[in-house]
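Visitor: Residues per chain, in single letters:
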Amino acid sequence: MTETYYSKEHEWVRVKDGIACIGITSYAANQLGDITYVELPRVGKGVKQFGELCSIESVKAASDIFAPVSGKVVKVNEALEETPEIVNESAEDAGWLAWIEMADLKELGNLMNFEGYDEYLRGLE
Amino acid sequence: MSNTSYCPNTPEEIREMLGVIGVTTVEELFGAIPADLRTRSFYLPPGMSEFEMTRHVSSLAEQHPRDIANFIGGGYYDHLIPAVVDHLAGRAEFYTAYTPYQPECSQGTLQALFEYQTAICRLTGMEVANASLYDGATAMAEAAMMAMRVTDRDKVVIDGCVSPFYRQVVRSYLANLSVEIVDIPPRGGIIDRPGFASAVDERTAVIIVQNPNFFGSLDDLGDLAELAHAKGALLAASVYPVSLGLVTSPGEMGVDIVTGDGQSLGNPLSFGGPSFGFIATGKKHIRNLPGRIIGETVDREGRRGFVLTLQAREQHIKRHKATSNICSNQSLCALRGLFFLVSLGREGFAELARLNYDKAEYAKSVFAKLPGVTVLNPGTTFNEFTLALPKDAGPVVERLLAKKIAAGVPLGEWYPEMRNCLTVTVTEKRTKAEIDTFAHKLEWQACK
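Chains as they are written, first to last, in the working numbering: chain A, 1 to 125; chain B, 1001 to 1448.
Hints listed in this document are in silico derivations from the structure and should not be mistaken for laboratory results.
Hints should not be assumed to be uniformly reliable.
[Stated by the list, open to error] Here are the simulated EDC-like cross-link-like pairs (lysine to aspartate or glutamate), alpha carbons at most 20 Å apart as the crow flies:
1. B:1283 to A:104
2. A:72 to A:101
3. B:1318 to A:39
4. B:1404 to B:1067
5. B:1284 to A:39
6. B:1283 to A:78
7. B:1403 to B:1067
8. B:1369 to B:1358
9. A:48 to A:9
10. B:1231 to B:1202
11. A:45 to A:81
12. B:1284 to A:9
13. A:16 to A:101
14. A:45 to B:1201
15. B:1403 to B:1358
16. A:72 to B:1152
17. A:75 to B:1152
18. B:1321 to A:39
19. A:45 to B:1202
20. A:72 to B:1358
21. A:72 to A:107
22. A:16 to A:104
23. B:1321 to A:107
24. B:1284 to B:1067
25. B:1432 to B:1351
26. B:1283 to A:81
27. A:45 to B:1152
28. A:60 to B:1104
29. A:45 to A:107
Let's have the full structure, built from the sequences with the hints guiding it.
Guide: Dropping the structure here:
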């Protein structure tokens, strides 16, 4: 199974053939509460690692989502336009946000693996 | 600071505060403001009793003749205001410019604004409208910024037939954004289509036009909508709401963002304000719409109710990334617009538009007969049109004013090649006799 990487801003990344599939973690989705709107990035948009990607609105807040890797957005999860609650139900699978064509695979080194993220979350509690 | 009777700070305190800021005088503090824009003196005459004040203000009012026939347009129009508008707007329940701070406690205000939004949507043929903006010019600037958010692009292409005042405000509003604004000069008083075709590209966020334009010409915007959409841009149009009683709605023409000034809907001229701006768009762009939006819902017992909706766009939630910073607003003026529209009703409004058109057509036919005078508009107009006179229009306007005719807007100030041109507006309030007198005096002043 492909390894999943995590950012401190609670985004996850899975890479296949240089394309990163990204989303927000279950922890983040729980923190946000009921998600009412996902403002998807534009396909073709260039993003920098840890720079702004898009935003998510929930009943509690409007939150910025940061790109865990640099590159170009090549695909977005259009299903979220009509049914944003998928992110609550399945944040780390069906609730993916976008595919980013990675500019530099080495950037994964700036992210955490599952164990690292788990430990990071414990530190937040 | 010769008179500090209205100023609570002592001279010592003022010196201390100036010291902290690092300037020596109050004059220096305000140095950045051009001298001609600053108040020269805060001297106020001694107080008056209520009776003295009423007499004083009445005498000031009497110095201004009230029997001037007003043919001036250019963005603000002299329309009838039914008495019911003043009556309803003056009710204590409505008489505030502020959005309620606990909005859902004020169901009446929210319902009225919801109905205002509905009226704007029906008028413009669009799906959603907000609860109003400041005025027509700032609404156009908001449309430009909205289109930049929607498209993630940074070029705005604006028609030179758009009101010069509006274009100036758009430039001021966008001055600190990284945006390129391209003006396409008019071609024969209407949109230069080849000019637009070559200026609109893959970087263009929006095409901005005005319909009818500053010279009064109406246009079918369908091909411009196609041009914009083919390049992935939006089409924004500022419209004169009264014209929509007669003209195809911008929604039907494929316009993406419709804006305009609401003065003509139940708001007095009052030396240019206050008024309100409106903005309407398609449902898919609602999250990029600026300002407050009232939504309809049901409470837990299933009863109809109203809420402020989609607040995540607004500054108290989204901070610096909010879609705009409209908080206190023009809602009282917007409600006057609603009261005006409902007092006329669908048929009355269409009749009003028809009257404006017919009277202006009559005036055009009368002016066209004057020696050396031509109507410049190549096609259809609504209630405003542009005349070319045999001489400089500015002094002619001055002389006609002395004859109690406010003749219109001379164009030389903004279009130097149009010094002889005068834009004339004929609303439903102008009589045949006034139009005939105007033509007669214009012939005397301009054609002899």
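Visitor: Each hint should be assessed against the structure and marked as holding or not.
Guide: Quick rundown of the hints versus the structure:
no.	hint	in the structure
1	B:1283 to A:104	violated, 38 Å
2	A:72 to A:101	holds, 5 Å
3	B:1318 to A:39	holds, 13 Å
4	B:1404 to B:1067	holds, 7 Å
5	B:1284 to A:39	holds, 12 Å
6	B:1283 to A:78	holds, 17 Å
7	B:1403 to B:1067	holds, 10 Å
8	B:1369 to B:1358	holds, 17 Å
9	A:48 to A:9	holds, 14 Å
10	B:1231 to B:1202	holds, 6 Å
11	A:45 to A:81	holds, 18 Å
12	B:1284 to A:9	violated, 29 Å
13	A:16 to A:101	holds, 10 Å
14	A:45 to B:1201	holds, 18 Å
15	B:1403 to B:1358	violated, 25 Å
16	A:72 to B:1152	holds, 15 Å
17	A:75 to B:1152	holds, 17 Å
18	B:1321 to A:39	holds, 13 Å
19	A:45 to B:1202	holds, 14 Å
20	A:72 to B:1358	violated, 57 Å
21	A:72 to A:107	holds, 14 Å
22	A:16 to A:104	holds, 13 Å
23	B:1321 to A:107	violated, 28 Å
24	B:1284 to B:1067	violated, 49 Å
25	B:1432 to B:1351	holds, 17 Å
26	B:1283 to A:81	holds, 13 Å
27	A:45 to B:1152	holds, 9 Å
28	A:60 to B:1104	holds, 18 Å
29	A:45 to A:107	holds, 18 Å
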